[in-house]
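Make the full structure from the sequences, and use the hints.
There are 2 protein chains.
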Amino acid sequence: MSTYHPLTESEAIQVARSLTNIFESEGELVSREIGDGNLNLVFHVSQPSTGLSLIVKQALPYAKVVGESWPLTLDRARIESEALIIEERFAPGLVPKVYHTDNELALTIMEDLSNHVIMRQGLIEGGFYPKFAEDISDFLARTLFFTSDLGMNQQEKKLLVRSFANPELCKITEDLIFDHPYVDADTNSFDAHLREDANKLWADSELHLEVAILREKFLTHAQALLHGDLHTGSIFITPESTKIIDPEFAYFGPMGFDIGAVLANLLLHYASQEHWSPNATARDERRKYLIQSVREIWVLFESKFRALWDEHGIDRIAKTAGYQDYYLRNLLQDTIGFTGAKMVRRIVGLAHVADIDRIPEPAVRAKAQRLSLEIGTKLIKRNRQSTSIEQLIDIADSASKV
Amino acid sequence: MSTYHPLTESEAIQVARSLTNIFESEGELVSREIGDGNLNLVFHVSQPSTGLSLIVKQALPYAKVVGESWPLTLDRARIESEALIIEERFAPGLVPKVYHTDNELALTIMEDLSNHVIMRQGLIEGGFYPKFAEDISDFLARTLFFTSDLGMNQQEKKLLVRSFANPELCKITEDLIFDHPYVDADTNSFDAHLREDANKLWADSELHLEVAILREKFLTHAQALLHGDLHTGSIFITPESTKIIDPEFAYFGPMGFDIGAVLANLLLHYASQEHWSPNATARDERRKYLIQSVREIWVLFESKFRALWDEHGIDRIAKTAGYQDYYLRNLLQDTIGFTGAKMVRRIVGLAHVADIDRIPEPAVRAKAQRLSLEIGTKLIKRNRQSTSIEQLIDIADSASKV
Numbered sequence: 001m002s003t004y005h006p007l008t009e010s011e012a013i014q015v016a017r018s019l020t021n022i023f024e025s026e027g028e029l030v031s032r033e034i035g036d037g038n039l040n041l042v043f044h045v046s047q048p049s050t051g052l053s054l055i056v057k058q059a060l061p062y063a064k065v066v067g068e069s070w071p072l073t074l075d076r077a078r079i080e081s082e083a084l085i086i087e088e089r090f091a092p093g094l095v096p097k098v099y100h101t102d103n104e105l106a107l108t109i110m111e112d113l114s115n116h117v118i119m120r121q122g123l124i125e126g127g128f129y130p131k132f133a134e135d136i137s138d139f140l141a142r143t144l145f146f147t148s149d150l151g152m153n154q155q156e157k158k159l160l161v162r163s164f165a166n167p168e169l170c171k172i173t174e175d176l177i178f179d180h181p182y183v184d185a186d187t188n189s190f191d192a193h194l195r196e197d198a199n200k201l202w203a204d205s206e207l208h209l210e211v212a213i214l215r216e217k218f219l220t221h222a223q224a225l226l227h228g229d230l231h232t233g234s235i236f237i238t239p240e241s242t243k244i245i246d247p248e249f250a251y252f253g254p255m256g257f258d259i260g261a262v263l264a265n266l267l268l269h270y271a272s273q274e275h276w277s278p279n280a281t282a283r284d285e286r287r288k289y290l291i292q293s294v295r296e297i298w299v300l301f302e303s304k305f306r307a308l309w310d311e312h313g314i315d316r317i318a319k320t321a322g323y324q325d326y327y328l329r330n331l332l333q334d335t336i337g338f339t340g341a342k343m344v345r346r347i348v349g350l351a352h353v354a355d356i357d358r359i360p361e362p363a364v365r366a367k368a369q370r371l372s373l374e375i376g377t378k379l380i381k382r383n384r385q386s387t388s389i390e391q392l393i394d395i396a397d398s399a400s401k402v
Numbered sequence: 001m002s003t004y005h006p007l008t009e010s011e012a013i014q015v016a017r018s019l020t021n022i023f024e025s026e027g028e029l030v031s032r033e034i035g036d037g038n039l040n041l042v043f044h045v046s047q048p049s050t051g052l053s054l055i056v057k058q059a060l061p062y063a064k065v066v067g068e069s070w071p072l073t074l075d076r077a078r079i080e081s082e083a084l085i086i087e088e089r090f091a092p093g094l095v096p097k098v099y100h101t102d103n104e105l106a107l108t109i110m111e112d113l114s115n116h117v118i119m120r121q122g123l124i125e126g127g128f129y130p131k132f133a134e135d136i137s138d139f140l141a142r143t144l145f146f147t148s149d150l151g152m153n154q155q156e157k158k159l160l161v162r163s164f165a166n167p168e169l170c171k172i173t174e175d176l177i178f179d180h181p182y183v184d185a186d187t188n189s190f191d192a193h194l195r196e197d198a199n200k201l202w203a204d205s206e207l208h209l210e211v212a213i214l215r216e217k218f219l220t221h222a223q224a225l226l227h228g229d230l231h232t233g234s235i236f237i238t239p240e241s242t243k244i245i246d247p248e249f250a251y252f253g254p255m256g257f258d259i260g261a262v263l264a265n266l267l268l269h270y271a272s273q274e275h276w277s278p279n280a281t282a283r284d285e286r287r288k289y290l291i292q293s294v295r296e297i298w299v300l301f302e303s304k305f306r307a308l309w310d311e312h313g314i315d316r317i318a319k320t321a322g323y324q325d326y327y328l329r330n331l332l333q334d335t336i337g338f339t340g341a342k343m344v345r346r347i348v349g350l351a352h353v354a355d356i357d358r359i360p361e362p363a364v365r366a367k368a369q370r371l372s373l374e375i376g377t378k379l380i381k382r383n384r385q386s387t388s389i390e391q392l393i394d395i396a397d398s399a400s401k402v
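Just so you know, the protein sequences line up as chains U and R, in that order. Following UniProt numbering, the numbering of the first sequence begins with 1 at its first residue and continues without gaps. Following UniProt numbering, the numbering of the second sequence begins with 1 at its first residue and continues without gaps.
By construction, these hints were calculated from the structure, which means they are not laboratory data. Be a bit skeptical, because a hint or two may be false.
Pairs count within a copy or across copies, as identical chains cannot be separated in the list.
As a list, the in silico BS3-like pairs of lysine-lysine whose alpha-carbon atoms are at most 25 Å apart [as the list claims (entries may be wrong)]: (1) 243 with 304; (2) 319 with 171; (3) 64 with 171; (4) 200 with 319; (5) 64 with 381; (6) 304 with 217; (7) 131 with 217; (8) 288 with 131; (9) 217 with 381; (10) 319 with 381; (11) 367 with 200; (12) 171 with 217; (13) 381 with 200; (14) 243 with 131; (15) 401 with 367.
Keep in mind that this is a model prediction, so the values were computed, not measured.
Pasting the structure below:
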């Protein structure tokens, strides 16, 4: 079993039983592969007699996107598993528990969360998640603070930076978020009606400079251990519970990249409301809820991050007068910039979001797409001048009123 | 021989003969330990019959500074050796050639440069080095550019970042440069007549904020492979040749840290001229020479770095309009800030410079020390507002005229 090969369903049962003590010894196990087969095998292994279950996730040695297939390191399974363990340590209860890791098989056996829904789908179905802003701001504040030089011994952090070198998955981000959307790249994919919008994007040199600067931060600013792919498809949710999954893109980068991923995906959903909330009053409500979520996430994040800093700052220098304000101002600016970059790539780049792509009427879809581009590009262009989350909200608000 | 132990002189001869083919097989070898015994053994191994020679440098498992001794990783020998090889690749002829590396014995066998002098000593003795600005700007521009995301494939760079994780030696810098000088720390060491100046330093909250920001860059901004300790004691020189030695502090950090180290040490020497150039006219000449060196180093560095960028920029994004100017402006600001930090620590921190410490008359020494503090603190405070190297020069000029 120990040499790498994609597991069969019966092998998944075998590892689930032999490598964990989740199941009672009696009682048959059932396995069902529930992954989309693009990157990973995901086996749901359960014991009908007891109702117990778990997930066996195995990385595949390739990625398939839109028909293409390219080799992809199995080391991402180790990274995902180690990231989950660190996230659980600093933000307990907000990630699936890891029961077992096998780096040779590129395998993580973990808590089954199938009583949750993927947040993107939940939002599309009109779900309200009153606990989300609280939970995600906890997750962000705690994982980012405690893996940064502010909250972790600086030498211990350097060893973690080394262990989370993740060149292959970072390359995907560098290409698909910071490069291809701003040029006529083969990987781009967008509706024909967006051709002129794309041309504008590709010719916008003010925008390109800001994207180059954001990319430089992604490449060099080893601020904290990021999740690295924190969109609403990486969040399992119920009204009472939030679980962050799939940190295979984890590496040490700029904090604002993770915060921005969350805000961007809420704003992409916001931009799609003409379809998902056809009733004008309901749409207004829905938009207010989403904007309020964006605001609360930042405001809660900031206050929690500051509280952690005051209470758990690792050294004398963290207490330097003015340093915290300087740091948070830069972090807000990064957040706003990365929010924008994460929106733009979902409209013209390779990977889209269901919130928008599933809008059937082309005219309505086009409005959502243009609104996303409008908000995204403005956020990118204004990030370095921003001083308050209200400026991000104003941009989203006023764009949607045009 | 392969288990680590400090070599004897006869073992140094043995490794020099068996691990390199520098010497002719006949002809006795002579070994002389010429290190200061604080961090490393340095054996000069020569063959009198042929005039051939080389250096066997071995790391010791401890550091001794001012009587104290603490354990220090032998891995720094690997780092030094790998850094020398990379520097030779990108800046050929400006570092000693590495003949052999043995990580187990923490050993580097390399080119003998004893026909050069240590630049700090050369400057103290009144040496002029007409080729220095050209050589050091070459070294800086080439090593920094080609190990950054601008000049090196970004995925290859990430693997190098991992290999140059250097927590123990970075810790020395973090403590001795960015922390201890700004607080009444046990490791600090300064003349009694500087007590009031030190008190001022420790109470200067504007300064402390800027130092905290510079430290954050040192901790997180993995911009390029730095030498990490590029003072004039790490430079072997003659009027015709420059060789950069001792990169055991190498790691991926902010480029301005290396450039600032060079400028700071020239300015510390500048601040000591009342003693070393007692004749007023000669002193004026000497100061002009030093200031002109500072200016030329930056100006040449900038033009070479921009030329490398234009010619060897690794990707489309490097060519984004405005990006190079943005990058160079930040780099100048970092350089000015780190120059200041490198000056202040040499006056009140643990490790001093001979340029100043060897001034026998306390009043003259005190003037040099206060001038260094004056220039250093101003550079730190003004770094983020700077737009030209002339602003650094004005600060040095006007401080020395008071």
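Going through the earlier hints one by one, which of them does the structure break, listed in rising order? The structure breaks hints 5 and 7; every other hint is satisfied.
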